[in-house]
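J.: Position 54 (the sequence shown) corresponds to 63 in my numbering; numbering is contiguous.
Worth flagging that the hints you see were computed from the coordinates, not collected in a lab. Here the structure is a predicted model, which is why all the values come from computation and not from measurement. In this text, a Cβ means the ideal position worked out from N, Cα and C, and glycines have one as well.
Taking lysine-lysine pairs in the PhoX-like style, the calculated list, with each CA pair at most 25 Å apart, reads:
1) LYS87 x LYS183
2) LYS279 x LYS205
3) LYS279 x LYS183
4) LYS130 x LYS239
5) LYS279 x LYS211
6) LYS269 x LYS205
7) LYS279 x LYS87
Label-pair restraints from in silico Cβ distances:
8) MET120 x PRO83: 35 to 41 Å
9) THR82 x VAL41: 50 to 56 Å
10) LYS87 x LEU56: 28 to 34 Å
11) GLY169 x VAL117: 30 to 36 Å
12) PHE287 x LEU161: 24 to 30 Å
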Amino acid sequence: MAEVRATAAAPAAKTKPAPTSAVKKAQLEDRVHVWPFLVRNEFICTLIVMVLFTVWSIVINAPLEEPANPANTPNPSKAPWYFLGLQEMLVYFDPWMAGVVLPSLVIVGLMLIPYVDINPKGSGYYTFRERPFAITTFLFGFLILWVTLILLGVFFRGPGWNLFWPWDRWDPHKVVALTNVDLASLDIGGTGLPFKWLGNPKIFGVELIGLTLSVLYLGVLPVVYYLWKKPTSPTLQTLGPVRYAIVVQLFLIMMSLPLKMFLRIAFNIKYVWITPWFNI
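Let the hints inform the model, and build the full structure from the sequences given.
T.: Here you go:
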């Protein structure tokens, strides 16, 4: 009898109530089917793009010319439009950097996104509120650092790879007097600033000024920011030092392209750091 009373006195196990028809209906109404809603919009966008490209191919003056002559190099000699971004980067970096290192880092960075992403939200959808850094970085890299360089190479580069406005006549004899200097030899206003007064010190042929600036940019700055922000930043705490190092290095290398472009256009700086083996 004691066992019977104990069993009877035990509380009944709680069971999860089955979802009602109203709950199921609300869950279904919160979803949108791929067909016809998404497929219809994509099909309309495809038709619009095809019409634009068809009209553009008819209007633009791009005749089929004679076969390439190895004895005659055209001026300007342009790569296909989808490679003009890389060709434009050759103005600001050495070929090994613009043609090998930076494109390889783009591929590696895209491959690493799933492994450094710590945001559990946004699986299958993307909103700026939940992923401001990721979306802003992607749009900047794609629209500014890729599409803009392609447009610059297509419409603004002429003979001698000089800059022309789209309405200017391409003058093959145009001469632009530019005196490119290295950062360590930059002399602003004849004052010796910012670094020429140091005399460009070297060790084993490596410029110490460029080495110092590169270490500060890629090494010291990320570490100082991480130690400063980590105690108050849940994102950095969750990210951890390894993933943070990967993300910040890829981000800083990406930002080195517009930084180098600014230095070249504003101050005619060719190289920031010169070594016997490579130049940056």
